[in-house]
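Asks: For reference, the chains in residue letters:
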Amino acid sequence: MTTSQRFQGKVWKFGDNIDTDIIAPAGTISFGLGDATEDLDVKQNAFRAIRPDFHLQVGKGDILVAGKNFGLGSHREPANRVLVSLGFRAVIAESVARLFFRNSVAIGFYTFQVPGILDFVEEGEQLDVDVENAVLRNLSRGTEREMERFSPLVRNIVDQGGILEVLKSRLASEREAT
Amino acid sequence: MGMTIAEKVMARAAGLASVRPGQYVDCKLDRVIAHEEFYRIHAVAVAAGLPNGLPDIWDRERFHVVLDHFQPVINETQALRQRKIREVAEAYQVKYFDDALPSVVHRVAVEDYVLPGELGLGSDSHSCTWGALNCCGSGMGEHELAYGLVYGELWFKVPETIAVNLHGELRPGVAAKDIALWLAGQYGTSFALYKSIEYRGEGARALDMDARITLAAHAVELGGKFGLFEYDEKTEAFLSRRKRMRHQLEWSRPVSADADAQYCQVVDIDLSLLEPQIAKPHTFENVVPVSSVAGLRIDQAMVGSCANGNVDDIAAVAQVVKGKKVHPKTRFIVQPNSWGVYREAMSRGLVDTLLDAGVTVISPGCHLCLGMQGALTAGDVCITSTTRNHRGRMGSGDADIYLAGPATVAASAIAGQITNPMEG
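Taken in sequence, the protein lines are chains E and H.
This note's numbering puts the first residue of the first sequence at 1, with every later residue one more than the last.
This note's numbering puts the first residue of the second sequence at 1, with every later residue one more than the last.
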């Protein structure tokens with residue numbers, strides 16, 4: 001069963017301190033126009049220093065699991081957006097760098113901090129992410145554990161599809177009011 | 001209960017008498033500064049279905065665009081982006097636009113724009129640099145800045161605060177960089193995740209503004225949201241020399257932590273015992289004393305960036321290289337972080353000293369820190385006083401980047417191998 005609040009996916013597993021220079025190498029984003037050419041360039045180079053041609057391996061709906069401080073480094077929003085274009089449905093890490101977390105919320109992409117996740121799942125196993133009930137299940141092992149719930153504020157932004165959807169709603173409601 | 005600097009600033013910005021760590025608040029923004037990502041702010045708004053981009057900017061007195069990452073540009077595609085940025089800046093009627101003034105945005109911010117007590121956001125992760133000036137500055141992505149620029153407000157989670165108490169004085173050859181590296185070595189890059197760092201104590205007061213800039217900039221390498229210093233006579237003197245935007249100086253509202261403020265962690269450092277530190281590839285927390293890797297061959301040495309392109313950093317280099325020559329097999333590149341810094345270094349004769357020693361001094365900007373100039377190929381070993389040593393940051397993923405203080409970098413450049421400046 002896959003809904004916006006519950007989904008399953010195959011796990012790709014990384015260690016600690018996966019920085020934005022690894023996720024979206026600086027050289028690929030020097031153009032920086034935020035267009036389709038840039039998106040493709042970032043996608044083809046994503047993770048190249050540690051997993052060349054990663055974009056050919058990830059499948060739609062897969063889940064990226066990582067260690068502590070995932071996404072540290074430059075603010076670099078392409079590093080968040082490329083996870084979507086690679087096909088990932090969510091990131092679950094021991095901990096997540098502040099800017100990476102905020103950028104994820106801002107583009108409406110689920111990023112969870114789950115201490116102990118590295119012991120809970122191995123690469124290739126299937127995870128079931130139940131956002132509504134804040135439960136994580138390892139379908140390959142038949143185990144489950146709790147997750148911390150998002151704050152209502154953060155979840156509201158993610159569920160609306162990101163902060164620009166919130167912005168558009170606010171602009172529209174102000175137009176109606178005048 | 002008392003409040004920390006971050007709590008006081010966020011309470012004021014949220015219109016509340018007090019806030020506590022963990023609380024979610026909507027804060028009014030005092031300052032937004034964007035660099036080249038200004039174009040992306042516009043682009044994401046268009047992509048989200050706002051055909052003309054942002055409907056308006058909430059306050060043009062509090063918004064600045066400073067082009068620093070690709071200034072001067074090095075290829076046609078960057079030139080195209082600059083053209084587009086100009087068009088967008090004109091469309092939005094940006095009042096303060098440093099279009100053709102190569103400098104690192106954060107140095108420009110503390111020299112000319114941000115003020116004590118402000119809550120400010122920048123389109124760059126090192127916006128925490130502004131904390132040197134008692135300003136709660138932090139990085140933010142383009143989607144959120146789009147929202148912030150329209151409404152002048154954004155959601156925040158009030159951070160816990162770590163107090164780092166500095167005692168005593170640094171010995172010659174040891175710099176603020178070594179304090180940041182030591183902290184990362186001890187506590188890791190998650191040390192201050194979602195937290196604010198306050199550098200406190202007589203050792204913090206004794207640090208000059210340039211050293212404070214180094215430590216504030218590196219708050220983000222320690223995971224932090226802010227890297228803050230109290231306002232004191234050094235901050236005041238620095239502000240009094242401000243050349244632009246003097247009409248806003250009266251908006252300055254310095255904020256001091258309460259005596260009974262609550263800190264989630266307190267770290268004490270005796271600066272007089274600190275020895276030069278170095279971060280080995282490929283993380284900021286992979287730190288050892290310089291002496292333990294001394295003798296390693298290097299191909300390139302660099303000093304620059306928001307953190308270490310300051311006058312004090314260039315003076316530290318000059319002191320080491322004066323009367324000596326850079327090793328013939330080592331490229332040594334220094335990049336001041338603003339024209340103000342560049343000119344002061346020139347007037348003090350520091351640039352001549354560097355040039356006499358065979359150091360390449362390039363125009364101000366961010367280039368060295370991310371391989372826009374001085375890029376590395378497989379097998380290259382670089383020692384650098386810039387901000388990050390992530391794999392692939394300066395080109396090849398098979399190059400090794402070591403991070404150290406400016407004196408360590410300079411001593412290593414002379415020797416052609418990693419060298420402890422206290423012994424070199």
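Keep in mind that the hints were calculated from the coordinates and are not lab data.
Among these hints, one or two may not hold up.
For the chain E half of the interface with chain H, some residues (derived, Cβ under 8 Å), not all of them [what the hints assert, rightly or not]:
(1) G59
(2) G61
(3) R98
(4) L99
(5) E132
(6) A134
Keep in mind the model is a prediction, meaning the values are calculated, not measured.
Virtual Cβ for every residue (Gly too), placed ideally from N, Cα, C.
Asks: Any of the earlier hints contradicted here, and which numbers?
Replies: 1, 2, 5 and 6
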